[in-house]
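**Student:** Add chain B to chain A, keeping to what the hints say.
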Amino acid sequence: MGSVLEALRLVFDPTVLGVMVAAGLFGLFVGAVPGLTATMATALLVPVTFLMAPVPAVACMVTAAAMAIFAGDIPGALLRMPGTPASAAYCDEAYAMTRHGQAERVLGAGLVFSVIGGLFGTAVLVTTAPVLADVALQFSSFEYFWLVLLGLTCAVFIAPGRPLKGMVSLLIGLLIATVGFENPAAHPRFTFGSEALMSGLQLTPVMIGMFAVSEVIRYAVSPEGPLPVWRQGMGQIFRGQGTLLRQHPLQVLRGSMLGTAIGALPGAGADIAAWISYGISKRFSRTPEKFGTGHVEGVIEAGAANNSALAAGWIPALVFGIPGDSITAIVIGVLYMKGLNPGPTLFIDNPQNIYAVFMVFFLANLLLLPLGWIAIKMAKNVLRVPRNVLMPIILLFCVVGSFAINNSVFDVGVMLVFGLLAFGMEANRFPIAPTILGLVLGGMLEQNFVTSMIKADGNVGAFFGRPIAAALGVATILVWLSPMIVRAVRRRAVTKRSEC
Amino acid sequence: MRISDTLTGWLLLLFGGAVAAYAWTFPPAPGQSIGPGGFPLLIGGGLTIAGALLVRAGLKPHDATPFAEVEGLRQPRLALRGALVIGALLFYALVVETAGFFITAFLFLGGLFLAFGVRLRWIPLLAASVTLGLHVAFYSLLRVPLPWGWLEAFAW
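Chains as they are written, first to last, in numbering that gives the first Met the number 0: chain A, 0 to 499; chain B, 0 to 155.
Keep in mind that the hints are not guaranteed to be accurate.
Restricting the straight-line Cα-Cα distance to at most 25 Å, the calculated cross-link-like pairs of lysine to any residue (SDA-like) are [said to hold, decoys possible]: (1) A:K289 to A:R98; (2) A:K454 to B:P27; (3) A:K337 to A:L7; (4) A:K379 to B:W121; (5) A:K379 to B:G116; (6) A:K281 to A:M256; (7) A:K379 to B:S128; (8) A:K454 to B:F25; (9) A:K337 to A:I347; (10) A:K454 to B:A28; (11) A:K337 to B:S139.
To be clear, the hints were calculated from the coordinates, so they are not data collected in a lab.
Just chain A, same shape as in the assembly (with noise of 0.2 Å):
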């Protein structure tokens, strides 16, 4: 009880809530920005919070996750620009029924039913933490070691694209990891006789340089048509969302539980459970042949899934320290930084601030409704920001950010090589998201296998030697092996057509 109050006095704090509305303001503005993606808002926000404490922090970056998603549709729905990813699922439906005069309609209910979502993945989150973090208290470095790799084994074949490209992604992050001493060994790993690298690359630059400044350059090197302007003023958001809820809830339900259940495996983010949700929604739909014409119930479904699956990527990330998507893995980066590292241990040592965070996300998707009301009404005003005054000033931020986690101008360059090398991973179809995991989850993974291996004195069946251990191997094995299982049973079902 007394680390409920102790959180209560934490989260109701002035200053906690304050930054809390200043984030989402500018979470909402950056969602609403085509081409400006909720990951770089994170990104962005890592030097602000460098000087504060954990839950300021962690409250600052949550709430912009939260808003940058959803403000994500309003640009989808008005222009047919998508945001975010995450709203790119039902962009197209959305704007179908902006073209039917109702774009008051679809953005109020983006807005009520992420708020709906958010709020059903932090009661998950709640429930489902501490008890998956009284298990996790029994895991050993063997366990530790198959949930790693799990995660990022699911990172490489969840993703969209081909498994291959996102296992060299991840082939990468891990390798930026083993820079510097810090290793089981303490041995200075592809440091080239340089200080700077003596304590590896630090996670603030490389983020902001993959994810913000390659969007940079990608801006400039892409042509420039005119941007489209959305003129009208918006009425009644609110109206008839009731009505709606009273319709869909079986929409509401399955939303938010698939994009629970997407978010909180490692690797699969938003703008998954949205496509997949809004997929689901149409093939389960009674009236499918509506859908792509001005429907609102597929965006219910999926505006739904991508808040919640935003609040699931927490329970990894909270309870094993492995994050579900970039926007988590950014996080705890901050949270190591900061000397709050994720994992059950937290719930025992720092209960007051796990229970902080959950009302945080609570705060944040409450918030979320009139934060949201606000920027759908200025909706005309942020779409018209010239994209060209923009993004030099977002470079500018960018440089000052990663200056100013060291002081040092090395990191202004870390954060170029890294910007252009996700801007070409990009531009040949690699995706940046196993990269960061690598990342941000390398040196867990070698700690976790090195100490397992002397544990076992080499003996590699001692990996399988523990019930759990041996079956998430076992998992992780199979999910390995999935394309050539897939392949094999599709060769057999072509070959028995062809008997036939």
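**Tutor:** Chain B only, in chain A's frame:
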């Protein structure tokens, strides 16, 4: 810039091999079965295998991607804009300690606004107000010691 899978594969094959070869030179950890080179060796090996698989995939007859394609060759203006972004970052990193944040950031923004087609008469005002705004946010509020350089005499 787009590179074919075949070329990417060859590059990864060489890079992975170099990583593995370098990791091989790390000393063993006394009393342990796996030393500091073990993990990088696995990563290097993994990159080499992934590179070989990409080469194999790229050699299939249906893959008509050219070896490497630079979009900028078709639209030099856009390539120049991309180069300017990189140049602006290098300029900032090389000059900021000497000239200080105010001068460097003003020139950095001014140059990029110009390259991105912002109207000339707005550029000085925009660049100056953004530079001042970021200085207040990071120097005064977040206590980041942004260098003053040539304006050291006016430092606050």
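**Student:** Look at each hint and say if it fits the structure.
**Tutor:** Outcome of the hint check:
1. A:K289 to A:R98: holds (15 Å)
2. A:K454 to B:P27: holds (18 Å)
3. A:K337 to A:L7: holds (20 Å)
4. A:K379 to B:W121: holds (22 Å)
5. A:K379 to B:G116: holds (23 Å)
6. A:K281 to A:M256: holds (16 Å)
7. A:K379 to B:S128: holds (24 Å)
8. A:K454 to B:F25: holds (22 Å)
9. A:K337 to A:I347: holds (18 Å)
10. A:K454 to B:A28: holds (15 Å)
11. A:K337 to B:S139: holds (22 Å)
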